[in-house]
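*Asks:* Now for the letters of each chain:
Protein chains: 4
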Amino acid sequence: MYHATRKKVHILLHPELGETKWDKIVNGFIILLILLNVIVVILETVQPLHDRYIDFFHYFDLTSVIIFTVEYVLRVWSCDHDPRYQHSFYGRIRYIFSVDGLIDLLAILPFYVHVVVGLDLRVLRILRLLRFLRLFRLTAYMKSAKMIRNVFVKRASELKLSVVLILFLVIIASSIMYFAEHLAQPTVFSSIPATLWWAFVTLTSVGYGDMVPITLIGKIMTAVLMLCGVAIFALPAGIITAGFLEEIQKAKEKKTIKCPQCGNTFHTDQAH
Amino acid sequence: MYHATRKKVHILLHPELGETKWDKIVNGFIILLILLNVIVVILETVQPLHDRYIDFFHYFDLTSVIIFTVEYVLRVWSCDHDPRYQHSFYGRIRYIFSVDGLIDLLAILPFYVHVVVGLDLRVLRILRLLRFLRLFRLTAYMKSAKMIRNVFVKRASELKLSVVLILFLVIIASSIMYFAEHLAQPTVFSSIPATLWWAFVTLTSVGYGDMVPITLIGKIMTAVLMLCGVAIFALPAGIITAGFLEEIQKAKEKKTIKCPQCGNTFHTDQAH
Amino acid sequence: MYHATRKKVHILLHPELGETKWDKIVNGFIILLILLNVIVVILETVQPLHDRYIDFFHYFDLTSVIIFTVEYVLRVWSCDHDPRYQHSFYGRIRYIFSVDGLIDLLAILPFYVHVVVGLDLRVLRILRLLRFLRLFRLTAYMKSAKMIRNVFVKRASELKLSVVLILFLVIIASSIMYFAEHLAQPTVFSSIPATLWWAFVTLTSVGYGDMVPITLIGKIMTAVLMLCGVAIFALPAGIITAGFLEEIQKAKEKKTIKCPQCGNTFHTDQAH
Amino acid sequence: MYHATRKKVHILLHPELGETKWDKIVNGFIILLILLNVIVVILETVQPLHDRYIDFFHYFDLTSVIIFTVEYVLRVWSCDHDPRYQHSFYGRIRYIFSVDGLIDLLAILPFYVHVVVGLDLRVLRILRLLRFLRLFRLTAYMKSAKMIRNVFVKRASELKLSVVLILFLVIIASSIMYFAEHLAQPTVFSSIPATLWWAFVTLTSVGYGDMVPITLIGKIMTAVLMLCGVAIFALPAGIITAGFLEEIQKAKEKKTIKCPQCGNTFHTDQAH
Numbered sequence: 001m002y003h004a005t006r007k008k009v010h011i012l013l014h015p016e017l018g019e020t021k022w023d024k025i026v027n028g029f030i031i032l033l034i035l036l037n038v039i040v041v042i043l044e045t046v047q048p049l050h051d052r053y054i055d056f057f058h059y060f061d062l063t064s065v066i067i068f069t070v071e072y073v074l075r076v077w078s079c080d081h082d083p084r085y086q087h088s089f090y091g092r093i094r095y096i097f098s099v100d101g102l103i104d105l106l107a108i109l110p111f112y113v114h115v116v117v118g119l120d121l122r123v124l125r126i127l128r129l130l131r132f133l134r135l136f137r138l139t140a141y142m143k144s145a146k147m148i149r150n151v152f153v154k155r156a157s158e159l160k161l162s163v164v165l166i167l168f169l170v171i172i173a174s175s176i177m178y179f180a181e182h183l184a185q186p187t188v189f190s191s192i193p194a195t196l197w198w199a200f201v202t203l204t205s206v207g208y209g210d211m212v213p214i215t216l217i218g219k220i221m222t223a224v225l226m227l228c229g230v231a232i233f234a235l236p237a238g239i240i241t242a243g244f245l246e247e248i249q250k251a252k253e254k255k256t257i258k259c260p261q262c263g264n265t266f267h268t269d270q271a272h
Numbered sequence: 001m002y003h004a005t006r007k008k009v010h011i012l013l014h015p016e017l018g019e020t021k022w023d024k025i026v027n028g029f030i031i032l033l034i035l036l037n038v039i040v041v042i043l044e045t046v047q048p049l050h051d052r053y054i055d056f057f058h059y060f061d062l063t064s065v066i067i068f069t070v071e072y073v074l075r076v077w078s079c080d081h082d083p084r085y086q087h088s089f090y091g092r093i094r095y096i097f098s099v100d101g102l103i104d105l106l107a108i109l110p111f112y113v114h115v116v117v118g119l120d121l122r123v124l125r126i127l128r129l130l131r132f133l134r135l136f137r138l139t140a141y142m143k144s145a146k147m148i149r150n151v152f153v154k155r156a157s158e159l160k161l162s163v164v165l166i167l168f169l170v171i172i173a174s175s176i177m178y179f180a181e182h183l184a185q186p187t188v189f190s191s192i193p194a195t196l197w198w199a200f201v202t203l204t205s206v207g208y209g210d211m212v213p214i215t216l217i218g219k220i221m222t223a224v225l226m227l228c229g230v231a232i233f234a235l236p237a238g239i240i241t242a243g244f245l246e247e248i249q250k251a252k253e254k255k256t257i258k259c260p261q262c263g264n265t266f267h268t269d270q271a272h
Numbered sequence: 001m002y003h004a005t006r007k008k009v010h011i012l013l014h015p016e017l018g019e020t021k022w023d024k025i026v027n028g029f030i031i032l033l034i035l036l037n038v039i040v041v042i043l044e045t046v047q048p049l050h051d052r053y054i055d056f057f058h059y060f061d062l063t064s065v066i067i068f069t070v071e072y073v074l075r076v077w078s079c080d081h082d083p084r085y086q087h088s089f090y091g092r093i094r095y096i097f098s099v100d101g102l103i104d105l106l107a108i109l110p111f112y113v114h115v116v117v118g119l120d121l122r123v124l125r126i127l128r129l130l131r132f133l134r135l136f137r138l139t140a141y142m143k144s145a146k147m148i149r150n151v152f153v154k155r156a157s158e159l160k161l162s163v164v165l166i167l168f169l170v171i172i173a174s175s176i177m178y179f180a181e182h183l184a185q186p187t188v189f190s191s192i193p194a195t196l197w198w199a200f201v202t203l204t205s206v207g208y209g210d211m212v213p214i215t216l217i218g219k220i221m222t223a224v225l226m227l228c229g230v231a232i233f234a235l236p237a238g239i240i241t242a243g244f245l246e247e248i249q250k251a252k253e254k255k256t257i258k259c260p261q262c263g264n265t266f267h268t269d270q271a272h
Numbered sequence: 001m002y003h004a005t006r007k008k009v010h011i012l013l014h015p016e017l018g019e020t021k022w023d024k025i026v027n028g029f030i031i032l033l034i035l036l037n038v039i040v041v042i043l044e045t046v047q048p049l050h051d052r053y054i055d056f057f058h059y060f061d062l063t064s065v066i067i068f069t070v071e072y073v074l075r076v077w078s079c080d081h082d083p084r085y086q087h088s089f090y091g092r093i094r095y096i097f098s099v100d101g102l103i104d105l106l107a108i109l110p111f112y113v114h115v116v117v118g119l120d121l122r123v124l125r126i127l128r129l130l131r132f133l134r135l136f137r138l139t140a141y142m143k144s145a146k147m148i149r150n151v152f153v154k155r156a157s158e159l160k161l162s163v164v165l166i167l168f169l170v171i172i173a174s175s176i177m178y179f180a181e182h183l184a185q186p187t188v189f190s191s192i193p194a195t196l197w198w199a200f201v202t203l204t205s206v207g208y209g210d211m212v213p214i215t216l217i218g219k220i221m222t223a224v225l226m227l228c229g230v231a232i233f234a235l236p237a238g239i240i241t242a243g244f245l246e247e248i249q250k251a252k253e254k255k256t257i258k259c260p261q262c263g264n265t266f267h268t269d270q271a272h
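Protein chains in written order, with our numbering: chain A, 1 to 272; chain B, 1 to 272; chain C, 1 to 272; chain D, 1 to 272.
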């Protein structure tokens, strides 16, 4: 019976496994609680709302932590029904240090650290932002999440290189602009690290206008760097687009191939 | 004869069905009236024009509503010639609650609500913007409208997920930036909801410059978030591009090829 | 001999036909003169340069017009060697009203209009910008110009529709924002036509910051419209990318196809 | 023995050839030193750091130059083990004037020029930025560098043309805007060269807001030019995306497929 309960709990917390109404209700409740937590953390920073509903915010936070803790304990307890975490001890350790397990732990840990050590309240509030990470676990329920993740995973090395190239361009751009603008605007372009901010704001085409070159050489270099930026920042977009096309074609490519040796037809995925 | 008239009216209002000169004239007149309505609503907000041509604007609006009402009534009356709305009663109800029917109704309804209830004039003017929705019905006459709609429909789930990811990034970005900048600029980054505006303006790379981080940690986080934004905002662009390629390839794959040796025609996909 | 001279002139002015050193020199000289004209028109607007080199600018302009006129007359005279403009009279008329012929005429016409009618000097200077159109004729010499033109020509109807959708979004965005912001900032968002400027600046993600919404509803609507803008502005980018891929694949697709009826292989371009 | 040492040195400096621990340590040290040099050049511009650690910066620079010089001399000495630079004299000359060789030379040359000629210290600091070029050599160690370089090399002529088109659009945009805005804002849009800055900032969608059109005609022209800009700036992005797809497909087309019926392997392109 103990084993059966654990299995039921495991299914209850993994809606993709269960079929009963209760599985859906429990899961819907957890999703709702995560979204409400995000909304509460956001609204709490509005001073008038904070002052008026301070007690509500406090008790809502307390209740959330308790529910998330119960959920976390139950998840760890029942995780050995998942084939990936089968061993009764090492399986649970592996679950705790899995990405999903860590995200769930980080959502509740700051509260307990605060209870034990007594954190600065401001730090506690910042650490509560870790709860937002659970948002990304919600995307797992969306149909196309796997395709988008595949694109990022398969093209990871190209994306990494394009980030490196962007960083190199940003570093070179800010070094050039520092020497071009420092004498004309010593307080604005005060050092290369300060100019790095200009480079990011300009090359991502955000352009706040808080740091703007005024010298002729600075403007010419900016024009050149902006053109380079267009090419370099087109890289991640191009890589992601190409990745999507690959995924879409792979999905379609369950077409038959005819073997030139024996003449039989078979599916491409069969051959791998 | 009554039936024949209704059929003629139906064809008159659906230029893709008719061939006579009159069909084209009636349809061209309706399109012109829609465009003029949009222009008048726009120009009416220019104070000098409004003061000078107030009577013209009033009578133009009145005339438009009358013509649109006649058109709407005739459409409902004659819609049972469309195979989708064949039943004399339920067919018409279905037409009224179809997207096209509702758009046409919303274009005239505010006027009659005003006549009956007496709306605030400002509200009436805002509600008249609903007339702009008819603009999108005009795109139905353009050749490639179907292809563009297909792209958005077929890739809807990926686009939905990328909007969700954008919203998550915006929420996380504004929460981080609130804690980074609030102490340094308490009136600018006053709360997370206020910082949401900064996140949208920055991550879409608009960058008005009305809210700009000034702390070191705020600038570093912004640089990181802008790089994430480049990747996340490349998603919808990549999805749409991949969708177009799919549509174009599908259109080409249907073309027949004639073999120059044997003279037979076959589809290109047959030849693979 | 007269005929032979005309043929030589024709070849002289069309470097893609000729092989002699003189053809290249004449053509290189014309290209140089076009580029110099652009540079001179640009530099002439710098007040100190204008004041100092006023005579040089005047004589350079005069010389350019004379050379361009001679070139234009020779082109018209010799154009009947081009198979497209073969007839001795109608061929020349057709050449004069061809895109290339009109661009060359517009480069010199303002000068003669000025001599005859006496144009305002400012208008004359503006009309001289028409000479810049000749720049685009230079791209004809570049290898990949045909591919890029093909992309725009073949995907013209999709690009046209995406421009129409952009314009609709801009019109709807500015109408909504006018009603959202007019009461709060009556002098900034003074009318819908004035707000159109805001919509263009925001939706193209330029974001000068000269018109920024301050009301809550205005900011929320802007966030929604910016997300729509990301999707709508991804359309032309996606269309152009898809067009390029089509061109590249077409260039590669001179591969053989095996006819399923007769078994012979042939090239795809043969089959069209 | 002399020959063997030279070979060992060559392998030591080309980690892709060697397998021993020492090869990796030497190479890792050089990479570290390059990154430290970049960081030091950046931090040195922060006034408080510069004042406090002036001696450290001086000795670090001296040490770096010595190590880089030793490395450079060893590279030139051992380069004839590379099949591209085999000749004992001409091979070394070719290496010195290769891109890699020149980048390494430019990293140390300014120091020796300074020792001999006595450069202005500010000029010396600017020339030290040449050391940043070595950053790009680091990307050679990254897996996907070849793919990204291939995209840029193979689509070079299309990218070149799109840069030319961007420059033409920028020139035409600034000429039009100068005539539209000069009378209204004579100090801001003071000349066409000054307006070029506006054109770059606007068409790359950076939009600092330091130069903003205020006349009606200027705003209308800007809206038109921004739409053209969207299309023209989509060109490089589209070209790069199409290039990536080509590379990815080429990489996939080389994979062998094993027929599940007859057991023979063949290339997928064979099966078509």
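Honestly, I wouldn't trust all of these hints.
Subject to a maximum C-alpha distance of 25 Å in a straight line, what follows is the list of computed DSS-like cross-link-like pairs (lysine-lysine) [stated by the list, open to error]:
(1) C/250 x D/154
(2) B/219 x C/219
(3) D/154 x A/252
(4) C/252 x B/219
(5) B/21 x B/7
(6) C/146 x C/219
(7) D/250 x C/252
(8) D/252 x C/154
(9) D/24 x B/252
(10) C/7 x B/252
(11) D/7 x A/160
(12) A/146 x A/219
(13) B/21 x B/8
(14) A/154 x D/7
(15) C/146 x D/252
(16) C/219 x B/252
(17) B/160 x A/24
(18) A/160 x D/219
(19) A/252 x B/219
(20) C/219 x B/146
(21) A/154 x D/219
Since the hints were made in silico from the structure, they are not lab data.
*Asks:* Now tell me if each hint is right for this structure.
*Replies:* Now the hints, each set against the structure:
1. C/250 x D/154: 16 Å, holds
2. B/219 x C/219: Holds, at about 23 Å.
3. D/154 x A/252: Status violated; Cα separation ~28 Å.
4. C/252 x B/219: Measuring from Cα to Cα gives roughly 47 Å; hence the hint is violated.
5. B/21 x B/7: 16 Å, holds
6. C/146 x C/219: 44 Å, violated
7. D/250 x C/252: Given pair residue 250 of chain D, residue 252 of chain C holds - Cα atoms ~12 Å apart, limit 25 Å.
8. D/252 x C/154: The given pair, whose Cα atoms are some 29 Å apart, is violated under the 25 Å limit.
9. D/24 x B/252: 53 Å, violated
10. C/7 x B/252: Outside the cut-off at roughly 43 Å; violated.
11. D/7 x A/160: Violated - the C-alpha atoms of residue 160 of chain A and residue 7 of chain D are around 34 Å apart, more than 25 Å.
12. A/146 x A/219: Roughly 44 Å separates the two Cα atoms, so the pair is violated.
13. B/21 x B/8: The hint holds at about 13 Å.
14. A/154 x D/7: 38 Å, violated
15. C/146 x D/252: The hint is violated at about 29 Å.
16. C/219 x B/252: Measuring from Cα to Cα gives roughly 44 Å; hence the hint is violated.
17. B/160 x A/24: Holds, at about 22 Å.
18. A/160 x D/219: 40 Å, violated
19. A/252 x B/219: It is violated: about 44 Å lies between the C-alpha atoms, which goes past 25 Å.
20. C/219 x B/146: Violated - the C-alpha atoms of residue 146 of chain B and residue 219 of chain C are around 33 Å apart, more than 25 Å.
21. A/154 x D/219: 45 Å, violated
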